[in-house]
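Residue numbers (the numbering used here), protein chains in the order written: chain A, 205 to 485; chain B, 63 to 221.
I should point out that these hints are in silico values taken from the structure, not numbers from a laboratory. One should not assume that every hint holds.
Covered by chain A, according to a simulated footprint, are these stretches of chain B (three or more residues, beta-carbon under 8 Å) [unchecked claim]: (1) 77-86; (2) 93-105; (3) 173-180.
Cβ coordinates follow ideal geometry from the N, Cα and C atoms, glycine included.
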Amino acid sequence: LNIEEYISSGILEAYVLGQLDAIESAKVDEIARQYPLVREELNIIESAFENYANAHAVAPAPDVKKKVFEKLFGEGTEIDNTIHSNFKENKDTTPVISISSRNQFYKSLIAASVTIAIISLFAAFYFRHKWRLAENSLVALQQENSTLASTYNQVKYSSEQKIKDQEKLVSSLLDTNSRLIKLKGLPTSPNSNALVVWNKSSKEVLINVKSLPAAPSDQQYQLWALDNGVPIDAGVFEVTDSLQLQKLKTINSAQAFAVTLEKRGGSVSPTLSSMVVMGAI
Amino acid sequence: MEYLYEKYSAAVYGVVLRIVKSEDTAEEVLQDCLLRVWHKINDYDKNKGKLFTWMINIARNLAIDKIRSKEYKSQLKSNDIDVNVSLVDKSYEERFKPEYIGVRDMLDNLNNDQRSLIDLMYFKGYSQSEISEEFGIPLGTVKTRVRSAMEKLRKLFVN
Numbered sequence: 205l206n207i208e209e210y211i212s213s214g215i216l217e218a219y220v221l222g223q224l225d226a227i228e229s230a231k232v233d234e235i236a237r238q239y240p241l242v243r244e245e246l247n248i249i250e251s252a253f254e255n256y257a258n259a260h261a262v263a264p265a266p267d268v269k270k271k272v273f274e275k276l277f278g279e280g281t282e283i284d285n286t287i288h289s290n291f292k293e294n295k296d297t298t299p300v301i302s303i304s305s306r307n308q309f310y311k312s313l314i315a316a317s318v319t320i321a322i323i324s325l326f327a328a329f330y331f332r333h334k335w336r337l338a339e340n341s342l343v344a345l346q347q348e349n350s351t352l353a354s355t356y357n358q359v360k361y362s363s364e365q366k367i368k369d370q371e372k373l374v375s376s377l378l379d380t381n382s383r384l385i386k387l388k389g390l391p392t393s394p395n396s397n398a399l400v401v402w403n404k405s406s407k408e409v410l411i412n413v414k415s416l417p418a419a420p421s422d423q424q425y426q427l428w429a430l431d432n433g434v435p436i437d438a439g440v441f442e443v444t445d446s447l448q449l450q451k452l453k454t455i456n457s458a459q460a461f462a463v464t465l466e467k468r469g470g471s472v473s474p475t476l477s478s479m480v481v482m483g484a485i
Numbered sequence: 063m064e065y066l067y068e069k070y071s072a073a074v075y076g077v078v079l080r081i082v083k084s085e086d087t088a089e090e091v092l093q094d095c096l097l098r099v100w101h102k103i104n105d106y107d108k109n110k111g112k113l114f115t116w117m118i119n120i121a122r123n124l125a126i127d128k129i130r131s132k133e134y135k136s137q138l139k140s141n142d143i144d145v146n147v148s149l150v151d152k153s154y155e156e157r158f159k160p161e162y163i164g165v166r167d168m169l170d171n172l173n174n175d176q177r178s179l180i181d182l183m184y185f186k187g188y189s190q191s192e193i194s195e196e197f198g199i200p201l202g203t204v205k206t207r208v209r210s211a212m213e214k215l216r217k218l219f220v221n
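Using the sequences and the accompanying hints, generate a full structural model.
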């Protein structure tokens, strides 16, 4: 390599002016390392150009310094993050500032996402809690509702039953063929009494127990019709509520009715000693 | 960084102003240059040259990028170029640093050919072969003139 020729080739000036590509300037670096003369010439060119620049020096307006340093250190917190990535991007011509602000943008984007996620999580728990409460009270309300419904049905049934009984009683009493027979307490049970409705045309017999002593569990009251002195079985019945009419066996002809306390299921002939009420037509 | 600013901002600004011919743009480029120097200071290898050389090359490239951008071209078109030139000369006179006055006198030692060659290389980013092609000067002549200009500028340095 002819050093004189190399030095005068113009490549060193181009090197100092940054006009060479990476391969060419690496070559110049290598030669400068090997030849001190080349290194020396590079120093001279650098100084020559520096002097040339100084000869054209113009101090910037005083406020420029303030502006530049505000820009530099105003984004001070961002510099550390961007500095390393920027070192690698030698060919990058984008202003560094925009990278920082892009970073800032992504940071706030991430922050916003995290905030929304946290809020959503809390909201999810809150609504789940609400939902559980609502479900529990719904179950409670449904149970209450079915209880009310069954109570209502019972009440409805029993009141309908009562109304039917009363209608039956009233219609029985209003029937012109009906005879009302008041059975009065005998000396064995003076406070007892009952009412028998006997329809002469339909032969139907109904009994309403107003007041009878409760029968022992192995015994039942039995109604008898007396036809010309002969007792005829008219059926057994239970002691029930005062307004209920119990339908017993049909009786074709009778002059009086009586109730005796018999064994459960009834007897063929009445036990006269246990007669409690009696009434004549 | 402040030291860098005090030491080099006038030279960098002066060169940039010569290239972009507008104070606002020159301030912008100076700012971009300092930002880049700040962010890429680890890229600087002192074995390969002086810090000033590295810095002024960054500034020059930024400034040349600027005047080549379309935006800047259309902006300049609407301005009166004469105004820009006189503006540069005015600030050049006003804020010229006294310690460089001797250097400036010495620049007069360069003849017109030498000065315009160095200006083309230094302010327009021309390579020597580009100058040869553009102005129809043989490449050998360009090299000789640059060499002798370098010799003269070197003397300024030695003094």
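Outcome of the hint check:
Look at the segment 77-86 of chain B against chain A: 4 of its residues bring a Cβ nearer than 8 Å to a Cβ of that chain, three or more, so the hint holds. Closer than 8 Å: that is the beta-carbon criterion, and the segment 93-105 of chain B has 10 residues meeting it against chain A, so the requirement of 3 holds. Residues of the segment 173-180 of chain B with a Cβ under 8 Å from some Cβ of chain A number 1, which does not satisfy the need for three, so the listed coverage is violated.
The structure shown violates just one earlier hint, number 3.
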